[in-house]
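K.L.:
Could you build the full structure based on these sequences and the hints that come with them?
Here is what each chain is made of, one letter per residue.
2 protein chains.
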Amino acid sequence: MTRYEQLAQEITRQIGAGVLRAGERIPSVRQACAAQGVSPGTVQQAYQLLEDRGLIQTRPRSGYYVNATFKAAPAEPATSRPPRASTVVDVSELVFEILESVKSETVVPLGSAFIHPSAFPLAKLARFLGGAARGLDPRRMVADLPPGNRELRRGIARRYLGAGLTVDPEEVLITNGAMEALNLCLQAVAKPGDTIAIEGPAFYAALQAIERLGMKALALPTHPREGVDLQALEKALGQQKGQQKIAACWLMTSFQNPLGSLMSEEKRRALVALLAAREVPLIVDDVYEELYFGRARPKPAKAWDSQGLVLHCSSFSKCLAPGYRIGWALAGRYAQQVRRLKMTTTLATAIPPQAALADYLKQGGYDHHLRGLRTALQRQQGSMVEAIGRDFPVGTRVTQPQGGYFLWVELPAQVDALEVHRRAAAKNISVAPGPIFSPQRRYENCLRLNYGQPWTPQVEAALATLGKIAEDLC
Amino acid sequence: MTRYEQLAQEITRQIGAGVLRAGERIPSVRQACAAQGVSPGTVQQAYQLLEDRGLIQTRPRSGYYVNATFKAAPAEPATSRPPRASTVVDVSELVFEILESVKSETVVPLGSAFIHPSAFPLAKLARFLGGAARGLDPRRMVADLPPGNRELRRGIARRYLGAGLTVDPEEVLITNGAMEALNLCLQAVAKPGDTIAIEGPAFYAALQAIERLGMKALALPTHPREGVDLQALEKALGQQKGQQKIAACWLMTSFQNPLGSLMSEEKRRALVALLAAREVPLIVDDVYEELYFGRARPKPAKAWDSQGLVLHCSSFSKCLAPGYRIGWALAGRYAQQVRRLKMTTTLATAIPPQAALADYLKQGGYDHHLRGLRTALQRQQGSMVEAIGRDFPVGTRVTQPQGGYFLWVELPAQVDALEVHRRAAAKNISVAPGPIFSPQRRYENCLRLNYGQPWTPQVEAALATLGKIAEDLC
Chain S
1 MTRYEQLAQE ITRQIGAGVL RAGERIPSVR QACAAQGVSP GTVQQAYQLL EDRGLIQTRP
61 RSGYYVNATF KAAPAEPATS RPPRASTVVD VSELVFEILE SVKSETVVPL GSAFIHPSAF
121 PLAKLARFLG GAARGLDPRR MVADLPPGNR ELRRGIARRY LGAGLTVDPE EVLITNGAME
181 ALNLCLQAVA KPGDTIAIEG PAFYAALQAI ERLGMKALAL PTHPREGVDL QALEKALGQQ
241 KGQQKIAACW LMTSFQNPLG SLMSEEKRRA LVALLAAREV PLIVDDVYEE LYFGRARPKP
301 AKAWDSQGLV LHCSSFSKCL APGYRIGWAL AGRYAQQVRR LKMTTTLATA IPPQAALADY
361 LKQGGYDHHL RGLRTALQRQ QGSMVEAIGR DFPVGTRVTQ PQGGYFLWVE LPAQVDALEV
421 HRRAAAKNIS VAPGPIFSPQ RRYENCLRLN YGQPWTPQVE AALATLGKIA EDLC
Chain L
1 MTRYEQLAQE ITRQIGAGVL RAGERIPSVR QACAAQGVSP GTVQQAYQLL EDRGLIQTRP
61 RSGYYVNATF KAAPAEPATS RPPRASTVVD VSELVFEILE SVKSETVVPL GSAFIHPSAF
121 PLAKLARFLG GAARGLDPRR MVADLPPGNR ELRRGIARRY LGAGLTVDPE EVLITNGAME
181 ALNLCLQAVA KPGDTIAIEG PAFYAALQAI ERLGMKALAL PTHPREGVDL QALEKALGQQ
241 KGQQKIAACW LMTSFQNPLG SLMSEEKRRA LVALLAAREV PLIVDDVYEE LYFGRARPKP
301 AKAWDSQGLV LHCSSFSKCL APGYRIGWAL AGRYAQQVRR LKMTTTLATA IPPQAALADY
361 LKQGGYDHHL RGLRTALQRQ QGSMVEAIGR DFPVGTRVTQ PQGGYFLWVE LPAQVDALEV
421 HRRAAAKNIS VAPGPIFSPQ RRYENCLRLN YGQPWTPQVE AALATLGKIA EDLC
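Listed in order, the protein sequences are those of chains S and L.
Each residue of the first sequence is one higher than the one before, counting from 1 in the numbering used here.
Each residue of the second sequence is one higher than the one before, counting from 1 in the numbering used here.
One or more of the hints may lead you astray.
The list cannot tell twin chains apart, which means a pair is met if one copy fits it or any two copies do.
[To be verified] As a list, the in silico DSSO-like pairs of lysine-lysine whose alpha-carbon atoms are at most 27 Å apart:
id, residue 1, residue 2
1, K267, K299
2, K235, K245
3, K299, K362
Hints listed in this document are in silico derivations from the structure and should not be mistaken for laboratory results.
P.N.:
Laid out in structure tokens, this is it:
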């Protein structure tokens, strides 16, 4: 065994023994050289080996971190197998029931769709907001109707440059959060009765939009780490007859909600090519694009879009400024249509918050904030996965996504997730049960859990309680 | 002639001679007593007489003001006579063409839908916004999802109390401006293919909403001062067959856009009763409700609604805070449905602006601001009506609404308003041509002009130019 392999084995042991825990930084190359009396090259080789084995990862300008891996890590769920026919969606009522049943402020919000607000620089944003509002030319209050504040649109376009996507600021339409952007895009590309291809499971807001607009959903098989199955999509696209014909896709390429899957660059390119060949528009909900744990921000699928068929939607709500309700759409060839839909539905997005975020992007320290947020999320994921491995029934499977803040938990087949929800709610714990992520209310034994909150004894106890509830239902 | 009649005649002469102009305050009772050597009772009788004759009006805690009446005032347009059949709407494209053709900041915005931003307390609002954002409990960023900030909803409900309407704050849903409120309400009460009764002419955004949702419009005869013709509505409601059946009404009871008509209390009561008897919901767009020139805020139609069938929508965009995009819906029996529609389309309204307006309502001096704004608008109306009387072709008719900031100008029949728009745009003046207010692009010889801006030599010259353009087309 070479020296670098010995060093790698030593660190592996430390991780296995819990000396180094998921999300923690391991010694820098310099520190390790000094401590072990070896050369920087040896340390680098050892770290490369650990990275290749998936035990650690590099973060630029930050160092090396332990991945969420465990001695007794629960297994990963299998690729989903939704029914092959498109279907009318009937789940909105259930979603509202679930969401409205756990609205108390004292609830442990494992079912929440949001990161805990304490993770955001809200005090700093407030200062930017006050300053921006005072400095605004009053004429902007009328002139910044759609598409929105010019500086903010430029700031958003600039950030995409860093992710390998060139965007004309003129294409950026500011919306009331990504939710509005997605809804407008869906209305622009499809009409009542049309079939929309989605992931299985899919974010319930996509299902609600499809249901509200009288469209149909076709859920595609989806791998929990790699995203939607392109062969299945290709097959479905081939069935170009009648109502089954796919009018558009609505997918989450990065850290899909609820699975957390991340499509590779190769897969993104293939997806865009597949759809371009058939002129099928692709709506991408990319609200978690900034919350990656890997080396760099994933390159948006839109980067391979030469036809204007990709409608990319995102927002600041998940990564910086919840409550500001600032999102955007890059709607490609549908840009004018989407802008006009915006004008006739909500007219415009509030002007002062746009100006505040434009200023913050220039000088607020966004990248610094994001680095801290990603580190915290990764650490919290590790703690929650570990707790699930410890507290949940044998046979439980769980994802370990490379970004975002959701775990998808597959309980033993006989456990009814809606019953878990009811019993947990009675104990002041919210969960997001699987059926709200399916047009046909499937995934009856699955839960989406949110790790976007500090790992406290209260949260740890809630996980133990959930495990007990699941055991009782086995 | 009694002493008080002599005094009234004297003031009438001063108004006729332009010594006292529209919107100006006339001497107080005490000042008039001193100046004329008469008793307060005599002055009060004289002022009452002038008020009965429509020459002046009282404003509470402010005094007596000259109405917009003129020696050679243009006549009022007649009640509209739209076609009696409901119709598919096809005007949205034209509306966008018109709106997008005059976007320069140097244009004289007579076609604008907004009051000039200088009329609003934007600096003060900015201070409230900064303060509110700093003081916000971070948890509010998530907790204030629909229906919105509790204090703001209470503040809105309190203001309606003063107008004779009791509202449960729980019914108040905060929206992204009235535009969103109206759109959500329309979706809650009607479906594609349904017929919606509107005023003729109607606000183009209502037409665009009806068009976008695949509904049909039935424009009702409407009096330029008194609003929609209830007999015509009753007749239309009687034709309860097939597609012509009216699924809902969408009306503006106060200072209708573009006519400026104001329905009397008696008429509002009758309207609500008429619709209640047939269980037809009434959407009221009441965004100008605070911009009354009369003695008191008109009592909302919803005050007579015992069935929960009136969906009252309004906002701060026209009277206080353009660009903040804060509106609301009081949706009666449809409240939960509208709230859920909001959740699935834009989720929530930006939180800090809501908190800022809640604070402003408590301590910002809203009533003081509104008094000043109303006085300015009334004065500007007088100046514009006077200019039209002087500069426009013989036979021109114009409204003189008791609130809001729009004039409806009926040019001689042969004048093509779209051509007026084109020629005016070439001279950097925007107008809103009649056809954009009609499902069938009628009102070909009409214009809506905006007097919500300071009366400057530039605006005066623009009116003269418009008059010349119209003359040339006669």
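K.L.:
Could you tell me which of the hints above the structure violates, numbers in ascending order?
P.N.:
Going through the list in order, the structure violates no hint and respects every one.
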